[in-house]
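A.B. asks: Use these hints to put chain S onto chain Z, whose structure you have.
2 protein chains.
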Amino acid sequence: MKVIRNVAEMKAMRKTLAGPIGFVPTLGYLHAGHISLVNQSKKDNASTVVSIFVNPTQFGPKEDFEKYPRDEQCDIAMLEKAGVDVAFLPAPHEMYPNGFNTWVEVQGITERLEGAVRPGHFKGVATVCNKLFNIVQPDKAYFGQKDAQQVLVIKKMVADLNMNLELVVISTLREADGLAMSSRNSYLSQDERKAATVLYRALLKAKEMKQAGEHDAETIREAMAELVQTEPLAEIDYISIADPTTLTELEKVKSQALVSLAVRIGKTRLIDNIVLT
Amino acid sequence: MKVIRNVAEMKAMRKTLAGPIGFVPTLGYLHAGHISLVNQSKKDNASTVVSIFVNPTQFGPKEDFEKYPRDEQCDIAMLEKAGVDVAFLPAPHEMYPNGFNTWVEVQGITERLEGAVRPGHFKGVATVCNKLFNIVQPDKAYFGQKDAQQVLVIKKMVADLNMNLELVVISTLREADGLAMSSRNSYLSQDERKAATVLYRALLKAKEMKQAGEHDAETIREAMAELVQTEPLAEIDYISIADPTTLTELEKVKSQALVSLAVRIGKTRLIDNIVLT
Numbered sequence: 096m097k098v099i100r101n102v103a104e105m106k107a108m109r110k111t112l113a114g115p116i117g118f119v120p121t122l123g124y125l126h127a128g129h130i131s132l133v134n135q136s137k138k139d140n141a142s143t144v145v146s147i148f149v150n151p152t153q154f155g156p157k158e159d160f161e162k163y164p165r166d167e168q169c170d171i172a173m174l175e176k177a178g179v180d181v182a183f184l185p186a187p188h189e190m191y192p193n194g195f196n197t198w199v200e201v202q203g204i205t206e207r208l209e210g211a212v213r214p215g216h217f218k219g220v221a222t223v224c225n226k227l228f229n230i231v232q233p234d235k236a237y238f239g240q241k242d243a244q245q246v247l248v249i250k251k252m253v254a255d256l257n258m259n260l261e262l263v264v265i266s267t268l269r270e271a272d273g274l275a276m277s278s279r280n281s282y283l284s285q286d287e288r289k290a291a292t293v294l295y296r297a298l299l300k301a302k303e304m305k306q307a308g309e310h311d312a313e314t315i316r317e318a319m320a321e322l323v324q325t326e327p328l329a330e331i332d333y334i335s336i337a338d339p340t341t342l343t344e345l346e347k348v349k350s351q352a353l354v355s356l357a358v359r360i361g362k363t364r365l366i367d368n369i370v371l372t
Numbered sequence: 096m097k098v099i100r101n102v103a104e105m106k107a108m109r110k111t112l113a114g115p116i117g118f119v120p121t122l123g124y125l126h127a128g129h130i131s132l133v134n135q136s137k138k139d140n141a142s143t144v145v146s147i148f149v150n151p152t153q154f155g156p157k158e159d160f161e162k163y164p165r166d167e168q169c170d171i172a173m174l175e176k177a178g179v180d181v182a183f184l185p186a187p188h189e190m191y192p193n194g195f196n197t198w199v200e201v202q203g204i205t206e207r208l209e210g211a212v213r214p215g216h217f218k219g220v221a222t223v224c225n226k227l228f229n230i231v232q233p234d235k236a237y238f239g240q241k242d243a244q245q246v247l248v249i250k251k252m253v254a255d256l257n258m259n260l261e262l263v264v265i266s267t268l269r270e271a272d273g274l275a276m277s278s279r280n281s282y283l284s285q286d287e288r289k290a291a292t293v294l295y296r297a298l299l300k301a302k303e304m305k306q307a308g309e310h311d312a313e314t315i316r317e318a319m320a321e322l323v324q325t326e327p328l329a330e331i332d333y334i335s336i337a338d339p340t341t342l343t344e345l346e347k348v349k350s351q352a353l354v355s356l357a358v359r360i361g362k363t364r365l366i367d368n369i370v371l372t
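In the order they appear, the protein sequences are chains Z and S.
Taking our numbering, the leading residue of the first sequence gets 96, the next gets one more, and so forth.
Taking our numbering, the leading residue of the second sequence gets 96, the next gets one more, and so forth.
For reference, chain Z alone in the conformation it holds in the complex (with noise of 0.2 Å):
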């Protein structure tokens, strides 16, 4: 595996590669989640490429980027043997050298959900994957649907901006006991550890719920909330059944429907999702 830190290195390297090629960008601190999406390009592609960049611009001033966890050496090894062809690993000068001043912004679902609670989380998200797609140039970029808005958005960039590659979402990685697969999950103490489970229990009480014939998304939200408030160390940020299109939130779950949230557990922000069908 090749391990590249600037981007001339990797534009030349790109050139060199087997086609077609999958591109999985990520934060590091990788875990299984991350894992799934690079089995999944090496099954689709004949060149896999791993970007690990703790991008600055998707961070508020009051948000984790400093405390992000980072373990550059785990990582390798992780991408080594998952048999990565190029790990890129730029510096924040490389990606944003001095009077960097260009922006990509996705309007109107990104005023919503995560947009709604962290502003220009987005534009920092939809700037750097452009720019990571541009210099990887790959035929397909995997992402995870835990992240679901961030999946959106980037489609209706790739599609507005006739971006030339294809986006693959892989499902949610999840613990034996229910918990979404993310690197933020490091920041939790034990209690902590075991409270995060409320996230995907309030999901699952939505699916039974819809399933038990419930089509009112108020009464829905309302029981999911009640459940997580069971837990004395989480604090919703915000709960949603939404199109998952448009992020529109729903009044009656007929079709399709997004359901999401956003709970502090201590001082660690998490998020998961489900699609009803």
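Hints may contain errors.
Copies of the same chain look alike in the list, so a pair counts if it works inside one copy or between any two.
Below, computed lysine-lysine pairings styled on BS3-like, alpha-carbon distance capped at 25 Å [to be verified]:
{"#": "1", "residue 1": "Lys110", "residue 2": "Lys347"}
{"#": "2", "residue 1": "Lys302", "residue 2": "Lys137"}
{"#": "3", "residue 1": "Lys235", "residue 2": "Lys106"}
{"#": "4", "residue 1": "Lys289", "residue 2": "Lys362"}
{"#": "5", "residue 1": "Lys97", "residue 2": "Lys289"}
{"#": "6", "residue 1": "Lys218", "residue 2": "Lys250"}
{"#": "7", "residue 1": "Lys300", "residue 2": "Lys157"}
{"#": "8", "residue 1": "Lys349", "residue 2": "Lys305"}
{"#": "9", "residue 1": "Lys250", "residue 2": "Lys106"}
{"#": "10", "residue 1": "Lys162", "residue 2": "Lys218"}
{"#": "11", "residue 1": "Lys250", "residue 2": "Lys176"}
{"#": "12", "residue 1": "Lys302", "residue 2": "Lys176"}
{"#": "13", "residue 1": "Lys138", "residue 2": "Lys157"}
Hints are computed from structural coordinates only; laboratory data are not their basis.
Computed from a predicted structure; not experimentally measured.
C.D. replies: Then chain S, alone, in the frame of chain Z:
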């Protein structure tokens, strides 16, 4: 010459073209200035693609989008004669389908000169060029120096977003009396056409003064303004003597300076510039 009107077909055609590929994006109503870009592209590349698209998003609500001159038949004939391989004339709904909502914005240099007078203009320019570059995927794209700030904005976008093409800037072509070629010259009445030479005369005045040893930018700006004001049909929008990279106004004209101006001749807004070295 192939004439293509939709994005998917252009992307498919792109794969069949011999490389390297040169690209000339235009708003149509072609003149010798455009053809000089085409000719340079033909010298440099195996294939040349020219787009004709009056991009609605770069016109302000009170600007001349509706009445911008169009002559598709004549344009196609000129491109055919010039030996262009593909003319790409997308319909507006091909470029901006319903629900389009992604924008590329270069900050900083877009706040000055044209950007200050035409808010949103460069956001439209950057977005459409980003899209066209992704659709055509050229090795080189050709722009005229007449739109000096546009060149800077597109260069900045390409660099900041790591896009995979090179920009080539071609000198402004002028009529015998010095008027910079522009599709908007077609708006001018006979009297206005005569008055319009005042832009280039003002630029030459700046050049002469610099050559005669005048280094105070404000003195030169004032002399230019005085000259423009001798034309009763002319109304100054701005006169600028700026750093050619940052576009910040200069106090002293030492090394390089971009001298540019925007002047209304009757209802027609014209721009022009020269670089003093």
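A.B. asks: For every hint, state whether the structure bears it out.
C.D. replies: A quick look at each hint next to the structure:
| no. | hint | verdict |
| --- | --- | --- |
| 1 | Lys110 / Lys347 | neither (50 Å within a copy, 46 Å between copies) |
| 2 | Lys302 / Lys137 | neither (33 Å within a copy, 61 Å between copies) |
| 3 | Lys235 / Lys106 | both (17 Å within a copy, 17 Å between copies) |
| 4 | Lys289 / Lys362 | within (15 Å within a copy, 70 Å between copies) |
| 5 | Lys97 / Lys289 | neither (39 Å within a copy, 64 Å between copies) |
| 6 | Lys218 / Lys250 | both (14 Å within a copy, 21 Å between copies) |
| 7 | Lys300 / Lys157 | neither (32 Å within a copy, 54 Å between copies) |
| 8 | Lys349 / Lys305 | within (9 Å within a copy, 73 Å between copies) |
| 9 | Lys250 / Lys106 | both (23 Å within a copy, 18 Å between copies) |
| 10 | Lys162 / Lys218 | within (21 Å within a copy, 35 Å between copies) |
| 11 | Lys250 / Lys176 | neither (30 Å within a copy, 40 Å between copies) |
| 12 | Lys302 / Lys176 | neither (37 Å within a copy, 65 Å between copies) |
| 13 | Lys138 / Lys157 | neither (39 Å within a copy, 53 Å between copies) |
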